[in-house]
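Start from the sequences, fold in the hints, and give me the full structure.
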Amino acid sequence: MSEAAEEMTRAQLRHGLRLATLLIVLGTVCGQGLPNVLRHLGSYPVPLAQLAAYAVLASVLAGEAVLLLRRRTWGRLLRQIAVAAVLAASVLSYVTLPEGRTSTSVDWVFGAANWVGLVVLLDRPLRAAVAFLVAHDLTALAHLVTIDPNRGDLARFATGSVTVIGLPLCVAVVAAVFNSLSAAAAAARAEIERVRVAEAVAEESHRRRQQRLAELSATTIPLLEGLADGSLRPEDPAIQRRCAIEAGRMRRLFAETDTVANPLLHELRHCADVADRKGVVVELDARGQWPTPPVAVRRDLTEPVLRVLATAASRARIAVVGGADLVSVSVVADSGEVDVPEPVTRGVHVETVTNDDTVWMEVRWQPTPQQTTQPAALQAS
Amino acid sequence: MAADSPADHAAGRTAGELITAVIVDDHAAIAAGVRAWCSEAVPPIALVDAGDRLADVWTGPGADADVVIFDLELVPRRPDFGELRRLVDNGRRVIVYSQHTDDATAIKCVDLGALAYLTKREGPDHLVPAIRSAARGEPYTAPSLSGALIADDAPGRPRLSQRETEVLRAWFVASSKELVAAKLNITVKTVDTYIARVRVKYANVGRAARTKSELVGRALDDGLITLAELNDTTTAL
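Residue numbers (this note's numbering), protein chains in the order written: chain A, 1 to 381; chain B, 1 to 237.
Treat the hints as calculated values from the structure; they're not laboratory data.
These numbers were taken from a predicted model, which means no experiment stands behind them.
Worth double-checking, as some hints may not be accurate.
Below, computed lysine to aspartate or glutamate pairings styled on EDC-like, alpha-carbon distance capped at 16 Å [said to hold, decoys possible]:
hint: 1; chain 1: B; residue 1: Lys177; chain 2: A; residue 2: Asp356
hint: 2; chain 1: B; residue 1: Lys177; chain 2: B; residue 2: Asp232
hint: 3; chain 1: B; residue 1: Lys108; chain 2: B; residue 2: Asp52
hint: 4; chain 1: B; residue 1: Lys108; chain 2: B; residue 2: Asp125
hint: 5; chain 1: B; residue 1: Lys108; chain 2: B; residue 2: Asp71
hint: 6; chain 1: B; residue 1: Lys120; chain 2: A; residue 2: Glu283
Far from chain A by the CB rule (all over 12 Å, computed), these chain B residues [stated by the list, open to error]:
hint: 7; residue: Ala63
hint: 8; residue: Arg86
hint: 9; residue: Arg218
hint: 10; residue: Leu220
Only part of the chain A face toward chain B is listed, based on derived beta-carbon distances under 8 Å [as the list claims (entries may be wrong)]:
hint: 11; residue: Gly279
hint: 12; residue: Val280
hint: 13; residue: Glu283
hint: 14; residue: Ala319
hint: 15; residue: Val321
hint: 16; residue: Asp334
hint: 17; residue: Glu337
hint: 18; residue: His349
hint: 19; residue: Val353
hint: 20; residue: Trp360
Just so it is clear, CB atoms sit at the ideal spot from N, CA and C, and this is done for glycine as well.
Shown next as structure tokens:
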């Protein structure tokens, strides 16, 4: 499952929440904050400071509106500046607030700056919003305690704080829940994707297994059936030879699906291993670089090796020499008489030379451009 | 190599004389194995075991040996090309006996003037003929070296004829000159000739060494190769 899809889900939810929050905050700051500032402008010692604080909050909101329209979020640096500006506006407003007017309608910033800060911190973890709200509230408290507050002042501050911290906090909690919901949705999508992939893989490997079984059914299964019903005798050298060839074919079949740099050498190693286990000393040597032959050609190239190794008595040498225009696989062993296999694909030729009981079988393949896949690097044995 | 070429006498050695070889190899089992092969050879070859002491190749009985069988990596993964060069420069006939099969190392040894490069997988079938050839000052080309030569695509390599490449390739894959001869419808002696011509061409390029110039001189004298064929290298474009 892609991170992109997860991010998209989250972005959609976040966008809706941001839009709703911004509208609420605009309503609060413009519909409640602005009338209060203007109404009490005469009672502030420095009215300009209050207007400046209001302008700072308005500009942060404008910034949020622009970012929201562009579907962007606050950058790390920009967010820090905005939060600092909101706190600074809050401090400025309190410094120039008449004494004893904390948490009244004169103290417009008490119920405005908290929302503006929340807007900036909405997509951050909950603790960021909480820390900001607490800082804002402590600023108001600091202003309150500079004078000797009476019980009424404290009660007013306490009830005001419930609204000032509580309401934005509710929105912040909702935002946090949205975030975790979108993560859950993305995880569910990932799970669906994973199950689909697993199903496709299972289907493909089942198809491959059936194909392999079909390939073996022509040669291996009659042999096994013959051994099982007693019509073929295991002590017969011809049957032993057939068994050795089939063992090699099965090893080759299993090796064909491995992902390796040089499939031809890999499959030859597996063919050689069957003889190696019988105690035949097998050398495998390779020179040059060649394009990777298709599976059918690789089977033609390895088939003589299987046949010769099946009856090798003590030693065998497999050598591969390759180039862009010719791949040659040779096998030399003390095998006596060996049937020459007939290549299935075009462009593959087998030659045999015999000297006493030593057999040299060479298969050559001339690649044509459309037959090749990717080039394979040389890996000497 | 051509076992009965006139070069036998040019190298100042008669057929009946006992060949002595000195082996430098830090593995006791290798030295013991080579000693067994040498004593079973007909006629037998005398072997001096220098162990891992290079000094014993220069002094004592090792100094008089006809052939030096040299383990290129007395220190693992640090092929001692310097010592090989010193031996060759002093007119010693060196067979490099290495456990590595990489082509660049094989060709470098030949370029420095080693008469043979054998991998330790290549047993008495190749080591004994290699010692006899080297004692006559002639090269021996084992299948592994053949493989390195056919895969060689360095810019300064000599140009080989199609038939030479074919023989070299067949020798590399079949590892039996009888099979190569049967397949290509030529005699074993002709197989040897083609392989020898390749080595002469290689001796004519790269670094100068006495063993190499002797080889080229003798090949020209014997008519194995002509001067025109020798000067036809791939770099002369």
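How the hints compare with the structure:
{"no.": "1", "hint": "B/Lys177 with A/Asp356", "result": "holds (14 Å)"}
{"no.": "2", "hint": "B/Lys177 with B/Asp232", "result": "violated (27 Å)"}
{"no.": "3", "hint": "B/Lys108 with B/Asp52", "result": "violated (22 Å)"}
{"no.": "4", "hint": "B/Lys108 with B/Asp125", "result": "violated (24 Å)"}
{"no.": "5", "hint": "B/Lys108 with B/Asp71", "result": "holds (15 Å)"}
{"no.": "6", "hint": "B/Lys120 with A/Glu283", "result": "holds (12 Å)"}
{"no.": "7", "hint": "Ala63", "result": "holds (36 Å)"}
{"no.": "8", "hint": "Arg86", "result": "holds (29 Å)"}
{"no.": "9", "hint": "Arg218", "result": "holds (29 Å)"}
{"no.": "10", "hint": "Leu220", "result": "holds (30 Å)"}
{"no.": "11", "hint": "Gly279", "result": "violated (17 Å)"}
{"no.": "12", "hint": "Val280", "result": "violated (15 Å)"}
{"no.": "13", "hint": "Glu283", "result": "holds (6 Å)"}
{"no.": "14", "hint": "Ala319", "result": "holds (4 Å)"}
{"no.": "15", "hint": "Val321", "result": "holds (6 Å)"}
{"no.": "16", "hint": "Asp334", "result": "violated (11 Å)"}
{"no.": "17", "hint": "Glu337", "result": "violated (16 Å)"}
{"no.": "18", "hint": "His349", "result": "violated (13 Å)"}
{"no.": "19", "hint": "Val353", "result": "holds (4 Å)"}
{"no.": "20", "hint": "Trp360", "result": "holds (5 Å)"}
Checked against the numbered hints above, the structure violates hints 2, 3, 4, 11, 12, 16, 17, 18; every other hint is satisfied.
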